[in-house]
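Asks: The sequence shown begins at 1 in full-length UniProt numbering and counts up one residue at a time.
Since the hints were made in silico from the structure, they are not lab data. Just so it is clear, CB atoms sit at the ideal spot from N, CA and C, and this is done for glycine as well. Mixed in with the good hints there might be a few duds.
[Claimed, not checked] Distance ranges between label pairs, derived from CB positions:
{"id": "1", "residue 1": "57", "residue 2": "7", "range": "31 to 39 Å"}
{"id": "2", "residue 1": "101", "residue 2": "47", "range": "34 to 42 Å"}
{"id": "3", "residue 1": "6", "residue 2": "84", "range": "31 to 39 Å"}
{"id": "4", "residue 1": "106", "residue 2": "69", "range": "32 to 40 Å"}
{"id": "5", "residue 1": "31", "residue 2": "72", "range": "17 to 25 Å"}
{"id": "6", "residue 1": "24", "residue 2": "71", "range": "25 to 33 Å"}
{"id": "7", "residue 1": "6", "residue 2": "80", "range": "17 to 25 Å"}
{"id": "8", "residue 1": "65", "residue 2": "94", "range": "34 to 42 Å"}
{"id": "9", "residue 1": "5", "residue 2": "84", "range": "29 to 37 Å"}
{"id": "10", "residue 1": "10", "residue 2": "53", "range": "32 to 40 Å"}
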Amino acid sequence: MSGQPQQENFMRDRIIDTVCGAIRELNGDLGYDHLNSPTLETELYGGDSGLDSLSLVMLVSAVEAAVADNFGREVVLASEKAMSMRHSPYRSVGSFVEFIEAELAQ
1 MSGQPQQENF MRDRIIDTVC GAIRELNGDL GYDHLNSPTL ETELYGGDSG LDSLSLVMLV
61 SAVEAAVADN FGREVVLASE KAMSMRHSPY RSVGSFVEFI EAELAQ
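Make a model of the complete structure from these sequences and hints.
Replies: Structural data, given as structure tokens:
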């Protein structure tokens, strides 16, 4: 049996922890109630309770720094590719995690 699925789950869990940790830390300054305990379903941008554009930029920057610290790799999460995707990677924590997974896999 291959360890690949276990390794992928471990990587995904690390990404989730990294993103949620960055959200909680940044939210200390931002004060969004729905970001106090983020889950994969937590809305980030584009809905009624989503972040404003400046807060989103701050979050993306904080997550880029956290990913670099935790994975030893710099990734650009505010790219033309991300902005032009049919389904925004910023709409929820889950979609953001999936986008980061794909970027780290490259």
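Asks: For every hint, state whether the structure bears it out.
Replies: Evaluation of the provided hints:
Against the hinted window of 31 to 39 Å, the Cβ-Cβ separation of residue 57 and residue 7 comes to about 32 Å, which satisfies the hint. A hinted range of 34 to 42 Å for the beta carbons of residue 101 and residue 47 is inconsistent with their spacing of about 22 Å. The hinted window of 31 to 39 Å between residue 6 and residue 84 holds, with their beta carbons roughly 34 Å apart. The supplied range of 32 to 40 Å is broken by residue 106 and residue 69, whose beta-carbon atoms lie about 19 Å from each other.
Between residue 31 and residue 72, the C-beta spacing of about 32 Å breaks the proposed range 17 to 25 Å. In this structure, residue 24 and residue 71 break the distance hint of 25 to 33 Å, their C-beta atoms being roughly 19 Å apart. A hinted range of 17 to 25 Å for the beta carbons of residue 6 and residue 80 is inconsistent with their spacing of about 34 Å. For residue 65 paired with residue 94, a C-beta distance near 21 Å fails the hint of 34 to 42 Å.
Between residue 5 and residue 84 the C-beta distance comes to about 31 Å, which sits within the given range of 29 to 37 Å. Separation of residue 10 from residue 53 is about 33 Å and conforms to the stated range, judged on CB atoms against 32 to 40 Å.
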